[in-house]
Amino acid sequence: MNVAVLIKQTPDTAELPKIGADEVDSGQISATTVINPWDEFAAEEAIQLSDRFDCETTAIALGSGDSVDALKHALAMGVGGAVLVEGDTAQMDDWQTAAALAAAVQNQGDVDIVLTGKQSVDGNSGTVFVGVARKLGLPLLVNVSKIVDIADGSITVERLVEGSTETVTSPLPLVISVAKEINEPRYPSFMGIRKANRAKIPTLSLGDLSYQAGDSMTTWTNIRKPEVRKTEVQMIDGDSVADKAAKLAEALMSEKVI
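Residue numbers (my numbering): 45 to 302.
Read the hints as simulated data drawn from the structure, not as lab findings. Just so you know, even glycine gets a beta-carbon here, dropped at the ideal spot from N, CA and C. Be a bit skeptical, because a hint or two may be false.
Straight-line distance between alpha carbons at most 35 Å, and here's what the computed DSBU-like set of lysine-lysine pairs gives [what the hints assert, rightly or not]: (1) K274 with K288; (2) K179 with K244; (3) K274 with K224.
Across the chosen pairs, the derived CB separations fall in these ranges [to be verified]: (4) S189 with Y231: 16 to 26 Å; (5) P61 with D98: 37 to 47 Å; (6) L216 with R268: 37 to 47 Å; (7) T262 with D113: 19 to 29 Å; (8) I280 with V192: 42 to 52 Å.
Kindly produce the complete structure, drawing on both the sequences and the hints.
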């Protein structure tokens with residue numbers, strides 16, 4: 045059984061507030077980049093599936109040459125192989141990105157499971173994996189919190205639905221978007237890091253794939269940072285706890301918080 049896990053190189057979340065709208069517009073972001081945190085859950089699940097079901101696992105990233113760092117992180121965690129597809133993602137919308145990733149999956153041959161994270165911390169659209177499933181013509185399961193079993197050409201999972209959990213069975217192959225509740229991503233070991241740093245990661249261009257870009261379905265016309273929220277701190281004084289509680293309740297009601 046073959047498992048492909050889709051990952052992305054994104055800005056470190058600690059540096060996101062420092063990124064300006066002009067950097068996003070140009071695609072030239074001067075920030076430390078790391079593996080997308082949501083994708084670590086997908087990578088970890090691929091490793092666990094390999095341990096449980098003896099799967100072949102491959103991490104796939106689309107982006108510039110810098111994206112190889114995210115792939116090496118996945119390799120250091122324990123993913124079996126990696127492939128980089130070079131493409132200017134700043135000039136691609138979600139549909140074009142999904143088409144490119146779907147073509148990269150098809151290039152791997154018979155893939156039984158495509159694992160993805162919930163979203164990326166830069167775009168935050170949470171739609172790319174939907175497009176990947178659509179382009180591949182495969183079933184899609186989202187918010188998966190547990191893979192229960194894989195047997196007889198089908199997979200059984202638990203997925204989160206509005207505060208509850210439901211059990212679903214689907215035929216293979218399929219695309220799965222995992223929730224953070226599915227596992228706890230491991231830290232790469234020292235030996236894993238050394239092995240990943242020595243790895244030669246194959247690089248493909250979009251021209252190497254059966255990729256039809258098509259026209260962009262969406263365009264960003266106005267990129268700006270949200271206005272800074274102004275807040276005021278009000279101290280609540282009183283002679284007793286009950287007096288303070290009453291004044292707090294009155295203040296909250298006057299501000300229409302309650």
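Against the structure, the hints:
no.: 1; hint: K274 with K288; in the structure: holds (25 Å)
no.: 2; hint: K179 with K244; in the structure: holds (29 Å)
no.: 3; hint: K274 with K224; in the structure: holds (32 Å)
no.: 4; hint: S189 with Y231: 16 to 26 Å; in the structure: holds (22 Å)
no.: 5; hint: P61 with D98: 37 to 47 Å; in the structure: holds (44 Å)
no.: 6; hint: L216 with R268: 37 to 47 Å; in the structure: holds (44 Å)
no.: 7; hint: T262 with D113: 19 to 29 Å; in the structure: holds (28 Å)
no.: 8; hint: I280 with V192: 42 to 52 Å; in the structure: holds (50 Å)
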